[in-house]
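Residue numbers (this note's numbering), protein chains in the order written: chain H, 1 to 444; chain W, 1 to 130.
Please note: incorrect hints may appear among the correct ones.
What the hints assert, rightly or not - Only pairs whose alpha carbons sit at most 25 Å apart, straight line, appear in this in silico SDA-like list of lysine to any residue: (1) 403/H x 79/W; (2) 220/H x 54/W; (3) 269/H x 73/W; (4) 23/W x 334/H; (5) 350/H x 286/H; (6) 12/H x 99/H; (7) 247/H x 29/W; (8) 27/W x 248/H; (9) 27/W x 255/H; (10) 331/H x 258/H; (11) 23/W x 85/H; (12) 120/W x 235/H; (13) 23/W x 285/H; (14) 269/H x 68/H; (15) 23/W x 398/H; (16) 247/H x 117/W; (17) 23/W x 244/H; (18) 285/H x 400/H; (19) 247/H x 30/W; (20) 283/H x 242/H; (21) 269/H x 26/W; (22) 350/H x 331/H; (23) 23/W x 242/H; (24) 120/W x 73/W; (25) 23/W x 283/H; (26) 247/H x 73/W; (27) 247/H x 118/W.
Hints listed in this document are in silico derivations from the structure and should not be mistaken for laboratory results.
All values reported here derive from a predicted model rather than from experimental measurement.
Given next are the chains, with one letter for each unit.
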Amino acid sequence: MKSISEDNTVEKKLIDRVYWLTRLRWIAILGVVATILTASRFFRVSLEVRPLYSIAVFLAIYNGLFSWLMRHLQGRQMYGVIKALANLQIFLDLTCLAFLIHFSGGVENPFYFYFIFHIIIAGILLSRRETVILATYAAILFSAIVLGEQRGFLHHYSLLGTFAVSLHENFTYVLGVSFVFVSTLYIAAYLTTSISSRLHERERSLTKANELLAEKDRIKSEYVLRVSHDLKEDLAAVHTCVEPVQKGVTGSLNEEQMNLLSRATGRSKQLIVYIDALLEITKLKLTEKMEMSSFSVVDLIREIVESIGSMAQHERRTFEVQMDPGIPSMKGVRIYIQEALLNILKNSLKYTPEGGKITLRVQSDRSWLRVQVTDTGMGIPADDLPQIFTEFYRAKNAKALLKKGTGLGLSIAKKIVEMHHGKIGIESRLGQGTSVSLEIPLDL
Amino acid sequence: MSKILIVDDDADIVEAMRLVLEKRGHKVTLAADGNEGMAKARAGKPDVIILDVMMPGLDGFEVARELKRDSQTRNISILMLTAIKDKMGFDFQKEGVDPNWLPVDDYCDKPLDYELLLEKVDQLVRHKKN
């Protein structure tokens, strides 16, 4: 049973291809006109140009109609209608080609080969049954013209004057050509639909494979979530049992006992931080709906500045905030945006030494919020920069400076920004500093 | 000397809390699940109940509501232990809870800061005396 998303892709592909057909037809019409002009003027072939140009005009009119119809239908899901229109278009194309051939020599005009292109196009767009029906129609049209002209039922518009022989009266010739022609049509119909159905099969299995992968990823994320919760529970218990002992609640400790217990609680605290970050990013990955609300950017920035400001002062670093006046409210998940900005600022704090400077620039234009965090920290090596947003990735110099670090701060920030349909970018020079810039739509 | 009842299924955390509270001079009784907790609350009439949320069987929410419904236990102060911020994304302390839905008197996040726990217990005990 096909899934809904599969149907939409197949439909969308059909609409795109039929649209492509209308565009192709404009080129074909130009070709017809050019051929008539070149043949009659340049090669001096004797042609009844009036009926030929009339057919070209007719083609232009109905292609214009179809183009308008296709544009009108492009938004809607009307698979059946689109298919019917595709059939109709090819039907009319075959009819016009038949008339063009009839008015320009019939069996004398090798352009009857072009019927094959229409059958190939039909094979790509339509089902095998529809393609064979159209091939049959083309066969009937062609046979009617060449046999009709041979028998004398139809007027023959000869290309005489150019070619001396009256091939059209020769039954054997006409029959031979008809046979080759008709067989080519059916073979083309069969071949194209075989290739086409194989392609469709491949498309379907790829779509299914992708869905399966997405599902597996989701299952994995839920597993990570469960395991992380369990790990956190145990770690919390470790911490709860050791901390009172360390703080002397169960009696005084000697130096060596204090020493080792401090190390133990320090490590368990670090693990809790690590697992919290892992839980955070896994939850973000699993979140499908976001609880959006309108909130004041100015208030949010003020809160962030307060918490970062005191941390920065702690090691004599300057923290400068440049906020444009009149920044409007934005729509999003406030705690997530706060977290993204805090993660970026905390990185700057971690990797900017004493005496350094961190600048937070906040601007907005009509529909975007732009935030930039620049620091004079140790920067990121050029070969680490392309991977810096990857989960758990830490640059070499970051690892050297601080052995502990989750490698998730920027990944979480990136995920949050992308969930808000925004963009995040980073520039850095080793030894000079780093600049992270965010662009988030004010309203989605 | 106040009576504290701890209702929590995590034996290790319970032991740590017991030690810490007893050192402080409180008298501590333990219950490993919601039903045992209700029974001991009715029998012992503690001053404060430290209640974990995630327990097998009757969970913390249900126990809290039951305690407040029962006239024998209505006046006991409830201190709830929560790690739910992670599981539900709900920060009890910041966002506040409808007291009818969750009738507890205070909360404490896990992993426990035992000094904060002692402070909150003391606060609840003092509040009761007044």
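These are the hints, each one checked on the structure:
1. 403/H x 79/W: Judged against 25 Å, a Cα distance of about 38 Å means the pair is violated.
2. 220/H x 54/W: Answer holds: residue 220/H to residue 54/W is near 24 Å, not above 25 Å.
3. 269/H x 73/W: Violated, because 37 Å separates the two Cα atoms, which is more than 25 Å.
4. 23/W x 334/H: violated, 43 Å
5. 350/H x 286/H: violated, 29 Å
6. 12/H x 99/H: Distance of about 33 Å is beyond 25 Å: violated.
7. 247/H x 29/W: Since the Cα atoms of residue 247/H and residue 29/W sit roughly 24 Å apart, the hinted pair holds (cutoff 25 Å).
8. 27/W x 248/H: Distance ~20 Å between residue 27/W and residue 248/H Cα, so the pair holds.
9. 27/W x 255/H: Between residue 27/W and residue 255/H the Cα gap is close to 31 Å, so the pair fails against 25 Å, i.e. violated.
10. 331/H x 258/H: violated, 50 Å
11. 23/W x 85/H: violated, 86 Å
12. 120/W x 235/H: Holds. Residue 120/W to residue 235/H sits at ~23 Å (cutoff 25 Å).
13. 23/W x 285/H: violated, 45 Å
14. 269/H x 68/H: Violated, because 66 Å separates the two Cα atoms, which is more than 25 Å.
15. 23/W x 398/H: violated, 44 Å
16. 247/H x 117/W: With Cα atoms ~14 Å apart, residue 247/H and residue 117/W stay inside 25 Å; holds.
17. 23/W x 244/H: holds, 11 Å
18. 285/H x 400/H: violated, 30 Å
19. 247/H x 30/W: holds, 24 Å
20. 283/H x 242/H: Outside the cut-off at roughly 29 Å; violated.
21. 269/H x 26/W: violated, 28 Å
22. 350/H x 331/H: Not satisfied, since the Cα-Cα distance of roughly 30 Å exceeds 25 Å.
23. 23/W x 242/H: Within the cut-off at roughly 15 Å; holds.
24. 120/W x 73/W: Since the Cα atoms of residue 120/W and residue 73/W sit roughly 20 Å apart, the hinted pair holds (cutoff 25 Å).
25. 23/W x 283/H: Outside the cut-off at roughly 40 Å; violated.
26. 247/H x 73/W: Not satisfied, since the Cα-Cα distance of roughly 35 Å exceeds 25 Å.
27. 247/H x 118/W: holds, 14 Å
The structure shown violates the earlier hints numbered 1, 3, 4, 5, 6, 9, 10, 11, 13, 14, 15, 18, 20, 21, 22, 25 and 26.
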